[in-house]
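Could you build all of it, start to finish, from the sequences and the hints given here?
In this text, residue positions in the sequence shown follow this note's numbering: the first is 1, and each later residue adds one.
The hints are simulated quantities; they were obtained by calculation from the structure and are not laboratory data. Backbone N, C-alpha and C define an ideal beta-carbon position, used for all residues, glycine too. Treat the hints with care, as some may be off.
As the list claims (entries may be wrong) - The list that follows gives simulated cross-link-like pairs (lysine to aspartate or glutamate, DMTMM-like), each with its CA atoms no further than 20 Å apart:
| hint | residue 1 | residue 2 |
| --- | --- | --- |
| 1 | 22 | 88 |
| 2 | 40 | 104 |
| 3 | 22 | 38 |
| 4 | 19 | 38 |
| 5 | 22 | 104 |
Stated by the list, open to error - What follows is a set of in silico ranges between Cβ atoms, one per label pair, in the way DEER data are often shown:
| hint | residue 1 | residue 2 | range |
| --- | --- | --- | --- |
| 6 | 49 | 25 | 40 to 50 Å |
| 7 | 105 | 55 | 12 to 22 Å |
| 8 | 10 | 87 | 16 to 26 Å |
| 9 | 43 | 101 | 17 to 27 Å |
| 10 | 43 | 88 | 24 to 34 Å |
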Amino acid sequence: MTQPDLYTNQYVLSGTVCKTPKFSQSPAGIPHCTFVLEHKSMQVEAELNRNSYVRLSVVASGAQLQNQTQHLYVGQAIQVRGFLNRHENRNGLSQLVLHAQHIERIN
Numbered sequence: 001m002t003q004p005d006l007y008t009n010q011y012v013l014s015g016t017v018c019k020t021p022k023f024s025q026s027p028a029g030i031p032h033c034t035f036v037l038e039h040k041s042m043q044v045e046a047e048l049n050r051n052s053y054v055r056l057s058v059v060a061s062g063a064q065l066q067n068q069t070q071h072l073y074v075g076q077a078i079q080v081r082g083f084l085n086r087h088e089n090r091n092g093l094s095q096l097v098l099h100a101q102h103i104e105r106i107n
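Okay, structure coming up:
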């Protein structure tokens, strides 16, 4: 049994939208938006500079996120806050997906 007070799953990633957002609706009527976020930065690890490059699928679900996803476009800089979850595709391959809880445009 998981104890919520001991475990957290919060993730923040900024970058640019690199694949056209896809919109869908679940059978229960919940709106979904999926897109890929690309992040590039220089990080310090063991006192050395290291290039960091991440491409991560993002899922934004629910009416409250519709306003934040309606006008997303490829090349747009955003910051996404949410939690990581494992998704399995039809071939049985798993990947980490960021489930957005807040999306903010970066100027």
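How the hints compare with the structure:
1. This hinted pair checks out: residue 22 and residue 88 have alpha carbons roughly 18 Å apart, not beyond 20 Å.
2. Proposed proximity of residue 40 and residue 104 is supported: the alpha carbons are some 18 Å apart, at most 20 Å.
3. For the proposed pair residue 22 and residue 38, the alpha carbon gap of about 16 Å is at most 20 Å, so the pair holds.
4. As the CA atoms of residue 19 and residue 38 are separated by approximately 9 Å, the hinted pair is consistent with the 20 Å bound.
5. Restraint check for residue 22 and residue 104: the C-alpha separation of about 18 Å stays at or below 20 Å, so the hint holds.
6. Residue 49 and residue 25 have their C-beta atoms about 44 Å apart, which keeps the hinted 40 to 50 Å range intact.
7. Distance hint check for residue 105 and residue 55: the Cβ-Cβ separation is about 20 Å, which falls inside the suggested range of 12 to 22 Å.
8. For the pair residue 10 and residue 87, the supplied restraint of 16 to 26 Å holds, since their beta-carbon distance comes to about 18 Å.
9. Between residue 43 and residue 101 the beta carbons are some 24 Å apart, a value that agrees with the proposed interval 17 to 27 Å.
10. The given range of 24 to 34 Å is respected by residue 43 and residue 88, whose C-beta atoms sit roughly 29 Å from each other.
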